[in-house]
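Participant: Each chain, letter by letter, is given below.
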Amino acid sequence: QVSVLYFARSAELAGLRCETLSVPRQITSLQLWEEIVKVHPRLAVIQDQVVFAVRQEYVLLGDQLLVLQPGDEIAIIPPISGG
Amino acid sequence: MDDSEDVPKDFIKLKSEKLSVDEVSELVISPYCGAVSLFIGTTRNNFEGKKVIHLEYEAYTSMAETEIKKICRDVRQKWPSVQHIAVHHRLGVVPVTEASVIIAVSSPHRAESLEAVMYCINTLKASVPIWKKEIYEDEYSWKENKECFWANSEK
Numbered sequence: 001q002v003s004v005l006y007f008a009r010s011a012e013l014a015g016l017r018c019e020t021l022s023v024p025r026q027i028t029s030l031q032l033w034e035e036i037v038k039v040h041p042r043l044a045v046i047q048d049q050v051v052f053a054v055r056q057e058y059v060l061l062g063d064q065l066l067v068l069q070p071g072d073e074i075a076i077i078p079p080i081s082g083g
Numbered sequence: 001m002d003d004s005e006d007v008p009k010d011f012i013k014l015k016s017e018k019l020s021v022d023e024v025s026e027l028v029i030s031p032y033c034g035a036v037s038l039f040i041g042t043t044r045n046n047f048e049g050k051k052v053i054h055l056e057y058e059a060y061t062s063m064a065e066t067e068i069k070k071i072c073r074d075v076r077q078k079w080p081s082v083q084h085i086a087v088h089h090r091l092g093v094v095p096v097t098e099a100s101v102i103i104a105v106s107s108p109h110r111a112e113s114l115e116a117v118m119y120c121i122n123t124l125k126a127s128v129p130i131w132k133k134e135i136y137e138d139e140y141s142w143k144e145n146k147e148c149f150w151a152n153s154e155k
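Chains as they are written, first to last, in full-length UniProt numbering: chain A, 1 to 83; chain B, 1 to 155.
In isolation and in its complexed conformation, chain A is listed as follows (with noise of 0.2 angstroms):
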């Protein structure tokens, strides 16, 4: 079980800002991206343009295998444009 936040349009798009999905342990970034669009579908349309942050680390959506700890923290980042 992990917190997913969202950001930006891609909280636009989900229709929300966190919540807490149940995702296997071990599961590479691709394929989590698409648990995340199988319970947010429209999130399809930003695929080409998020990343993701990992416990704070960013990883981009492939096939780097993540190791899950329950509790940990998602995010979905859209480009950036602070400053």
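Hints were generated in silico from the structure; no laboratory data involved. The beta carbon of each residue, even a glycine, is placed where N, CA and C say it ideally should be. Keep in mind that a hint or two might mislead.
What the hints assert, rightly or not - If you want the footprint, here are the derived chain A segments under chain B, 3+ residues with CB under 8 angstroms:
no.: 1; region: 3-16
no.: 2; region: 75-83
As the list claims (entries may be wrong) - Far from chain B, some chain A residues (derived; all Cβ distances over 10 angstroms):
no.: 3; residue: 26
no.: 4; residue: 31
no.: 5; residue: 42
no.: 6; residue: 49
no.: 7; residue: 67
Given chain A's structure and the hints, the job is docking chain B onto it.
Facilitator: Just chain B now, with coordinates in the frame of chain A:
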């Protein structure tokens, strides 16, 4: 209290209240420094012919603070003579002409603080999880920094 060393400090704040240039510069002033360099990012009133009413900022606050701390650490590695660093970023609604971000760096001589300020703002735009929404008269747009490597602005 022993002031004789003036231990280098990082001052990082994300807040929704109006930012103050006086406040941020005063944070970095030091008797050991002959230079304070400042960057102020302000809200423009137009984008591609559209009138901007105001900006709205949101942040992944805990990670944004961590990423800004990393930037400060990098600054100190690249410019070891840098004394204090302050980064204040506004969140929520920022009206046109008001400041969204103020960065101040102090150093004994001016070259280091000028270069460090530029590095801070450039790196902030590439790596800190903060998002800006531009509000126009009848629509809005989530902006994407060109420094952001996962934005595909060319596509």
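Participant: Against this structure, judge whether each hint is valid.
Facilitator: So, going through the hints one by one against the coordinates:
For the region 3-16 of chain A, the stated coverage by chain B is satisfied: 4 residues place a CB nearer than 8 angstroms to a CB of that chain, which reaches the threshold of 3. Check result for the region 75-83 of chain A against chain B: holds, 8 residues qualifying (beta carbon to beta carbon below 8 angstroms, three or more required). Every C-beta of chain B lies more than 10 angstroms from that of residue 26(A), the closest at about 23 angstroms, which supports listing it as non-interface. Every C-beta of chain B lies more than 10 angstroms from that of residue 31(A), the closest at about 18 angstroms, which supports listing it as non-interface.
Once the 10 angstroms rule is applied to beta carbons, residue 42(A) is consistent with being away from chain B; the minimum gap is 15 angstroms. Listed as outside the interface, residue 49(A) is inconsistent with that label: its C-beta sits roughly 6 angstroms from the nearest C-beta of chain B, within the 10 angstroms cut-off. A cut-off of 10 angstroms between C-beta atoms confirms that residue 67(A) is not in contact with chain B; the least separation is 19 angstroms.
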